[in-house]
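Chemist: Please model the entire structure based on the sequences and the hints provided.
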Amino acid sequence: MTDTKTMLTLRVNGDPHTFAAEPHHTLLEVLREELDLTGTKHGCELGECGACTVLADGVPILSCLTLPQQVAHADITTVEGLAKGPQLHPLQTAFAEEGAAQCGYCTPGILLSAKALLDANPRPTRDEIAQAISGNLCRCTGYTAIYEAIEKAAEMSAKAAQRV
Amino acid sequence: MLRLPRFRFVSPPSIEEAIHIRTEHPATSMYVAGGTDVYPKMKRRQFQPEVVIAIGGLVRDDFRGGTLAPLADTLPSVAEEGPLPLGPLPLGLRIGAGATLTEVAEHPRVREGYRALSIAAGLVSTPQLRNMGTIGGNVCLDTRCNWYDQSLFWRTAEGYCMKTHGDVVCRVATSSPRCLAVASADTVPALIALGAQINVVGPNGARTIDLAECYREDGINYLALEPGEIVTEIVLPPSDGWRSTYLKQRDRNSFDFPIAGVAAAVRMDRGVVTDARVAITALGSRPVRVDASALVGTKLDDEAIGAVADATHKAARPMDNTSGTISQRKRAARVFADRALRSLRDD
Amino acid sequence: MSELSILGRRLPKVNAWAHLTGSARYADDIRLPRMLYGRLLRSTRPHALIKRIDISRALAYPGVVAVVTGADMPEKMGIMPSTQDETALAVDKVRYVGEPVAGVAALDEDAAYEALSLIDVEYEDLEPIFTIEEALDRDDVKIHDTSKRANVFKEVHLSFGDVEGGFAKADHVREDWFFFEGNTHAPIESHSAVASYDADGKLTLWTSTQVPHYLHREMEKVLGLPRTRIRVIATPNGGAFGGKSDPFGHEFAAALLSMRTKRPVKITLDREEVFYAHRGRHPVKMRIKTGVKKDGEITAVEFQSYLDGGAYASYGIATTYYTGALLTVTYRVPAYKFDGVRVYTNKPPCGPKRGHGTTQPRYAFECQLDKIAMDLGLDPIEYRLRILQPANSRTVNELRVTSMGLGECLRALRDRTSWERKRSERTKGKGIGVAGSAYISGAGLPIYWNDMPHSGAEIRIDRGGGVTVMCGTSEIGQGSDNLLAAIAAEALGVYPEDVHVVSGDTSLTPVDLGSYSSRVTMMAGNATKNAGLKLREQLVTVAAEKLGIPADRVNLAYRKVYDLKDPERSMSFVEAANLAEAKYGTLVGAGSYRPPAGIGGNYKGAGVGPTPAYSYQAAVAEVTVDLETGQLTVDKITTAHDCGRALNPVNVEGQVEGSAYMGYGEIVVEEQIFRGGLHKKPSLLDYKLPTSLDTPKLETILIESVDSEGPYGAKEAGEGPLNPVIPAIANAVYDAIGVRFDETPITAEKILDALGKRDNRGITKDRIGPTGLGDGKADPKRAMRRLEASTEARERKKTQV
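Chains as they are written, first to last, in my numbering: chain H, 773 to 936; chain B, 12 to 358; chain W, 72 to 872.
If you're looking for bench data, these hints aren't it; they were derived computationally from the structure. Do not rely on the hints blindly, as some may be mistaken.
Unchecked claim - Simulated crosslink set (DSS-like; lysine-lysine; CA at most 27 Å straight-line): (1) H:Lys924 - W:Lys768; (2) H:Lys924 - W:Lys707; (3) B:Lys341 - W:Lys292; (4) W:Lys752 - B:Lys341; (5) H:Lys777 - B:Lys52; (6) W:Lys493 - W:Lys707; (7) B:Lys52 - W:Lys752; (8) W:Lys499 - B:Lys341.
As the structure is a computational prediction, the values presented were derived from the model and not from experiment.
Modeler: Written as structure tokens, this is what we have:
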């Protein structure tokens, strides 16, 4: 209880947040406890499950093993930033339709891993999808519905792009 | 939630400053780059530094800007890769130690000239870990052990081990005079097979070391670096004529550290081996270079491969302190050496 | 009833949107004003007396607000009223490493964690017991004083039909021993509870639990607070699989710390603690003897199970019975003898994991049937088809079978997997195997004896046409909230999105016994349907009057109430609801469900096994074995599952695939194992949950037998499909390399051992598994000696230094 908090500014989902945090608190703790962004989950806090995955400048990282100081200059995206206002991301729609979220707990992390994949590779093969989410443990689905949902989201995005 | 212990986080502006801080707190400070090895160990109270010195950005700048000593060839950043012609690299390759494992695994120059490294870096843990963890960090990865890589609670219940408590026995073999924790970095055997050196900077200046000479058969003092030294670059010799690969045994195809790893590299000239290197990891406290001279002058024929596979088997000294079993891992050393070398044949 | 409008469609779950936007509120996401953070101190000893606990240093630590110990809550508790042998925090004695001993509440979690090391506990070590054999042998060491014989927790002995005569008639008798290793649920969300004791003297507990109702009862007992002043709210569970269906120490500790401090207290377990909370799959040794005629017809089965229960009861009585109860419902067994014993050991308590108690015997039985098929020269699928238990029948142990789709499952698999072609194209290292199974759609009896419903649901319709369903079920990811919404929507002719679901809240929702034993679809589904149909009747009556048509021509669907003969003649659902409210007053319908009488026998022990309807399933596994490294790869699992009716095929397929995945993990990589009472793998790195790169290709075939008892014909889907996967893989490995794996998991080491490649001796084996209860090397005192040796070595070295 003796630590001095330090002031930090993070850019999360496009919004700047300035807050005071203890210097040993991780990005995960800061997102959940200082910024009330509890959509980012935690399953082990040791880098062994992927539940806390967020994007830093579009790249999936583990918020449980990141200090906020290390990403002070990055754009952080959490699951709360996936939808654009009322407009859901195609991944969210596809996950709902394909039943890719059962308990939903690993889902935020998987959505972000999948977003990074689709942003870099709009029409991934199933093997590429399996690789992309190989750092996210899911205990409910057996992954099949997740693959189908990511494929569907890729299709939806491709169709939307054609229409434009 | 399992949290980090309290500590002071410093982000020095230069390598010199980082070394200075580290020297000021010799027993109570640590360097951190990607943090993927340091932070979990801090959460489990295996490491309890009072000062954590961030160096990831520092070495990374060097890699990007290429401002260290004159470079033979610099690993271009991804943005620069366009104009560089692919092909053999007669002058070798330098990789800033702050490059992430993803960058190393996916870089076209590494993929083409140093395939074992690309494969090994790509097989480390998970995509997220590879996006965070650095090649320098992987080279310095702490040794691992079933009795050591546990929480403070678990180790309290067990009664600790030699690696954290000098007055306690080694749990793996209670009569062992040394710590038997296991070398577990995937990239290291690949780098050794590729003949890598590392550049380090420390309180006493800069130096270059053969990577194969960087490790000790001691789970505690496993790194032959001086206190305060920072790995700044990985230097790879010319890749012309070399082909290489890396095979990894583990329980799952993601997340897991190797329980046996074999890297093999051969230099071929018109179908005949002119030089060869084989190195193994996760089969002892240090990565070991295996004598592969039997291959030289052959066309990678069965007999020569068999001899090197035997030598690899012999060099493997697994202990019962990782996942899997001793016999399974020792056997894998032979099978993987055989398979790795066969995969390097023409055809 | 006309055609279904909602059920049977592939619709998104009503709660999917919360999951997908990060707005679902799991227990650890809750933060209340002035909330304190708690942590538990856990035992470092497997078996010891607590001589003294001194909390003074911890209390003095900056930031610490309160500390509680076992002495503060000495009341015995446990999920089964007849075997309550646990306390919220250990009192006087600890029985496994990781057992909670004390709880700390502090201003932040850092301080709570740091204060743990300031609690001084003085232990006096007792001899620990770690194996089934030792537990049965050692009369001189008692983990619980209540054990009459050695460390036996429960023994059961049942016999049905003429067993001796059955074996006498047999042309061929097989007897095999099996061992099923323990494993754990490992939901990605760790357990978490937030307690708030408010100024009005009422306690609210938000917790990640599958059983809010049972927990409610235990809270009253342990805290001494009347149930009228306790409200338990089951938060959405981030996975459970049976692992959150006991009352846990952290729930009581959070509550008591809140009562002491008058501030909300949150305790969230870290991952390692989840491994100690456990309640997972029991390690079980099994002996199974089966007699068959030349054509394969079973004449008698004798089955013995020895369960390693860990330190406490949990659901142990039920688990023990379950190892024997369901072996009879898949194939015709005219005579059956079952003996089961569960023992205490100094390890975290085992309990119910997906497939509760039936997974281990199903593995043994299906592996043995595969051997019998080989002995008789029969194709394994053809053999099973010959001996199926018929639909609408009684088993020898008096279980009522209604719909029975195992035959259809097996035939569908034979076609879909090109079974016959793959069986005939043999290559060494490649194999294909099959197994069948069954599971209950909810236990026939509640955990405490009573005549009340197992599930109740209440539906309200508001003046805007909104429907609210309230039911005590717990949403654990299986889709129970969606089920409630979909059934209410079907019954009332609206869309699921028109339905608000309130679930798992002991103050707001009628009792449902909980999300365990695959009971929700059957029981909460029927309760909701009943509630909905009551309201539907009122709507039909007012609509018939208004539209001037007979009531039997009125239909409700798609937010319309209309004439079946002339759909243009209609009114909106809101209009009908308003008319009904004017006529009947506030629109509230209550429904409940209790399994029918007579679905099981009357003997002692007949309470475990009966269910309103059994689900049936079968799986085919295709595997590849690396003959040099011993690596087993499961290439594909195809599962056919008789779910009665798929109320939402997406969700049913999800349950089947998830079960297949979990079964795969259990036989290939997962094991909850110990060294000297210390968990060997208490992390997600060391305890191997299969990743996306390991999990086989999964394919699902749904068989709809439309059950007479199930709501709209539905049966369970969440547990049964796990069971056949495990023996199917073992049988496929036999097909690949000719080695029987009569123990789990099938590791590379064991494969190399069987292939004669483990060492230089080259001795091959055609079977890996136990040959009796013990391994012959049992040394009951070994554990203690090891403990002493390790302490001695440490001391010796200390004196040298």
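Chemist: Each hint should be assessed against the structure and marked as holding or not.
Modeler: Each hint tested on the structure:
1. H:Lys924 - W:Lys768: holds, 18 Å
2. H:Lys924 - W:Lys707: holds, 22 Å
3. B:Lys341 - W:Lys292: Not OK: Lys341 of chain B and Lys292 of chain W at ~56 Å, beyond 27 Å, violated.
4. W:Lys752 - B:Lys341: Distance ~22 Å between Lys752 of chain W and Lys341 of chain B Cα, so the pair holds.
5. H:Lys777 - B:Lys52: Within the cut-off at roughly 23 Å; holds.
6. W:Lys493 - W:Lys707: Holds - the C-alpha atoms of Lys707 of chain W and Lys493 of chain W are around 13 Å apart, at most 27 Å.
7. B:Lys52 - W:Lys752: holds, 16 Å
8. W:Lys499 - B:Lys341: holds, 24 Å
Hint compliance for this structure: hint 3 alone is broken.
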